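Going down the list, the sequences are from chains L and R.
Using the numbering used here, the letters of the first sequence correspond one by one to residues 1 to 346.
Using the numbering used here, the letters of the second sequence correspond one by one to residues 1 to 346.
No lab work stands behind these hints: they were computed from the structure.
In this text the structure is predicted, and so the values were computed from the model without any measurement.
Among the clues, some could well be false.
Any copy will do: because identical chains look the same in the list, a pair fits if it lies in one copy or spans two.
[As the list claims (entries may be wrong)] Result set (DSSO-like, lysine-lysine): computed pairs, CA atoms no more than 27 Å apart in a straight line:
id	residue 1	residue 2
1	181	243
2	16	200
3	289	229
4	229	181
5	299	200
6	240	16
7	299	181
8	203	104
9	35	240
10	299	16
11	216	299
12	240	181
13	289	212
14	104	240
15	200	35
One-letter residues, chain by chain:
Protein chains: 2
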Amino acid sequence: MGDNSLVIGFDLGGTKMHAAAVDAQGHVVHSERQKTVATDGADGVIDRMIGLCVRLRHELGPRGDDLRALCVGVPGGVDDERGMVDTAPNLGWSNVPLAARLSKVLGLPVFLDNDVRVAVLGEHAYGVGKGARTMVGIFVGTGVGGGIIVGGHAHHGGRGVAGEIGHMTLLPHGPRCGCGKRGCVEALASRTAMEREARKLIKNGWESRILKLMKKEGRDTLTSSVIEKALDLDDEVMTKVLKDAQYYLGLLAGNLANVLDPEVIVIGGGVAERLGERFVEPIRNHAYKHFLVQRDREKVRIVATELKDLAAPLGAAFIARQRLLGRLDSAPGARHGTASWPVPSA
Amino acid sequence: MGDNSLVIGFDLGGTKMHAAAVDAQGHVVHSERQKTVATDGADGVIDRMIGLCVRLRHELGPRGDDLRALCVGVPGGVDDERGMVDTAPNLGWSNVPLAARLSKVLGLPVFLDNDVRVAVLGEHAYGVGKGARTMVGIFVGTGVGGGIIVGGHAHHGGRGVAGEIGHMTLLPHGPRCGCGKRGCVEALASRTAMEREARKLIKNGWESRILKLMKKEGRDTLTSSVIEKALDLDDEVMTKVLKDAQYYLGLLAGNLANVLDPEVIVIGGGVAERLGERFVEPIRNHAYKHFLVQRDREKVRIVATELKDLAAPLGAAFIARQRLLGRLDSAPGARHGTASWPVPSA
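Extracted from the complex, chain L is given alone in its bound form (with noise of 0.2 Å):
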C-alpha cells in the first residue's frame, strides 16, 4: 500500500450505517451515513450498504481508485475467516455471507469484526488510548459491550469471545437479562435497563416527563437525547435511574480494572457519547472507590470517548489496514479496488 491509499471503515448499526473513508494517516477523507432499515431484511439491507459504498467512492472524485480494502463492524458475532456474520440479532440477521456479497461488487476484499470491539480498536488506535498497553473499553447502548486490549493488541481469547464485559455478573439475584442470567451489568446499566427502571418507577407513581419525551421523539423509546432532555429537565425519574446505572457501571469498572490493571478504561456508546464528562464522572468515582490499590489510581485514566461516533468507522479502518498488510504479506496478488464500481443513483 502506498502512501496514498484509502480503506472504507463501515459501521452497520441496527438504525443507521456509517462509511468512512480513512487514510494512511487515520485521517476521515469523507464519510457518509444513512439508515439501516433492518426490516427490510439482509438483502435489502446489504444493497444499501453497497450504495452507501457508491456514493462515498463517488464522493471521493478521482481519490476513488486510492480505495484498497473495506472492514466492517457488524452489531453481533462474526467468522471473519468464512466472512460470515453468525448472529446479529439487532438485525435479525444469522449466517449472512456479507464479506462476499459486498466483495462481489465492490472488487474489495472485505473484512468484517464485532462493531464494539471495533470501536475500541478506533479509540486505541486513534482516540484516548493511543499508546495504551492495556486498555478496556465499556459501551453502552440497548446492551452493554466491550472490548480488551492487551499487549498492545486486541485481546480475543481462546474461543474469540472475550471482552463480553457486559454479562459480568454484579447482582446474582438481580433483573433477569436478555441473555437469561440475572443481575449482569446489561440487566442493570444499558438504555434498556434504565428504561425498564423509570416505566417501574413511573408506573409505582412516581412524577415524569420521560413518557411524554419519548413521544415527542416518535419513537417509544428511552434514547440518549430523552435521557438528556429529562436530565435538563431535573426529572426525578430520570435522575434516579442514570445513578442507579452509573453506580453499577462503577463497579464494573472497578472490577475491571482490579484484574487488569488497564491504563485507560473508555466509556462510549450513544450516552456517552452525548453526556460526555457528565455521565462519565460518577462513574469514575464509584470505580476509583472500588480499586483494591488506590495507589496512583488516577493512572487508570476513565474517560469518555473522544472519536465519538467515529470510533467503529476508524477502528474498522484500522482493522483493514492491518489485515490488507497481513493479506498482502502472504497473498501479493490480493484484489485491488476495480474501475468497475457503478455509478451512484439518486
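Got chain L; can you put chain R on it based on the hints?
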C-alpha cells in the same frame, strides 16, 4: 547458562517456606521446607530462609555449584527492581530489602514476585496450563488471590497490580472484606469467609463437628484439613458453607471467562490441593452456567492445580531462569554462585 544450571524457586508462606532446586527442564532436583515463624520478625525469618537455602545447597552435593539464581514468591506486594518487599501482611513486613539481604549471604542474584502470581506462572510453565495463550489462576486460601496470563505471558498491567481477582465485587451489599469494601469474592469464598459463616451458623444453633476438629488440630482455625475431615463426616455446616463458597467462585470464574475467554482456569491454594476435583466440580458447573457464549464452553478448561504446593517454587524457578537470561543478555558479568556458602547448622 549451561544445561546443568540450577535455580532455586522459593515459596515464602505465612506459616511455612519451601525451597526447590530446579533444573532447566523444570524438574525438581531437591527440595526442602520448614516453618516460617513470622513472629520472629523479618530478621528471624530471613535467617531461616538463608538456613533453608544453605541446607538445600548442601544436600545438592557437588551440583550445588550449579546454582545460578534465586527467586522468592512473597505473600504480598514486591518491588522487584529495588528488591524490596513493600508489604506482606501475613508476615507483618513492610519495606524489607529482602533481595539484598539474601543476595549478600548467598552470592546469587535474587528476584522477587508475588506468591500467587508465581504459582500461576508455575502452572503455566510446567503444570495444567502448558502452552495456553490465555489463562487465569484462582487461588483460595486465607484470601483469594489470582494471576493472569495473556499472550502466553504474565499480565502485570499499567501499575503492575493486575490479577487482584479476589477483590471483584460480586455482592454489592455483601459481607465486609478485609480490604474495606463489601462483597468481594474474598469476603465470600476464602477460608476466612467460610470460617466466619460456619461460626455464624453454629452460633445460630446448627449442629457441627467443626469446632471440635479445629481444637483437635490445635490451631483453632478452619484449615483445609479440617474442611476435608468435616466433609468426610457429612457435617451439615461444612457442606453448606463450602457449597456457598463454590457458588461464588463459580460466579467469579464465569465473569472472568466472559471477560478474558481463557483456555484454562486453574483453581489452586490449600483447599484445592487437598480436595481436588471435589472442590472444583461445583465451581466449574456454576461457571459454565454463567458463560454468555455456551458454544465450545468445555474449551475453557476449569481444573484443579496439578503442581499443588510445587506450583509456587516451580513458578519462582521459572522466573529466576527468565530474569537471569534477561540479565545475562544485558550484563554478561552478572554474579554466579560462589563457593563461600556457610556449612549448614544441624
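Here is how each hint holds up against the structure:
Both within a single protomer and between protomers do residue 181 and residue 243 lie at most 27 Å apart by alpha-carbon distance, with minima of 23 Å and 20 Å respectively. In this assembly of identical chains, residue 16 and residue 200 lie within 27 Å of each other by CA distance neither inside one copy nor across copies; the values are 29 Å within and 56 Å between. Taking the shortest Cα distances, residue 289 and residue 229 never come within 27 Å of each other, neither inside one copy (29 Å) nor across copies (40 Å). Taking identical chains as interchangeable, the C-alpha atoms of residue 229 and residue 181 are never at most 27 Å apart, the minima being 32 Å within one chain and 35 Å between chains.
For a Cα distance limit of 27 Å, the shortest separation of residue 299 from residue 200 qualifies neither inside one copy, at 39 Å, nor across copies, at 41 Å. For the identical chains of this complex, residue 240 and residue 16 are neighbours neither inside a copy (30 Å) nor across copies (52 Å), given an alpha-carbon limit of 27 Å. Taking the closest pair of Cα atoms, residue 299 and residue 181 come within 27 Å of each other only across two copies (21 Å); inside a single copy the shortest separation is 34 Å, beyond that limit. Neither within a single protomer nor between protomers do residue 203 and residue 104 lie at most 27 Å apart by alpha-carbon distance, with minima of 52 Å and 73 Å respectively.
With identical chains, the CA atoms of residue 35 and residue 240 are never at most 27 Å apart, being 32 Å at best within one copy and 55 Å at best between copies. In the homo-oligomer, the alpha carbons of residue 299 and residue 16 never lie at most 27 Å apart, since the shortest distance is 36 Å inside one protomer and 36 Å across protomers. In this assembly of identical chains, residue 216 and residue 299 lie within 27 Å of each other by CA distance neither inside one copy nor across copies; the values are 43 Å within and 49 Å between. Proximity of residue 240 to residue 181 under the C-alpha cut-off of 27 Å is found in both arrangements, the shortest distances being 24 Å within a copy and 23 Å between copies.
When the C-alpha separation of residue 289 and residue 212 is checked against a cutoff of 27 Å, the pair qualifies neither within a copy, at 36 Å, nor between copies, at 40 Å. For the homomeric pair residue 104 and residue 240, neither the shortest alpha-carbon distance inside one copy (51 Å) nor that between copies (61 Å) is at most 27 Å. Proximity of residue 200 and residue 35 under a CA criterion of 27 Å is satisfied in neither setting, with 31 Å inside one chain copy and 60 Å between copies.
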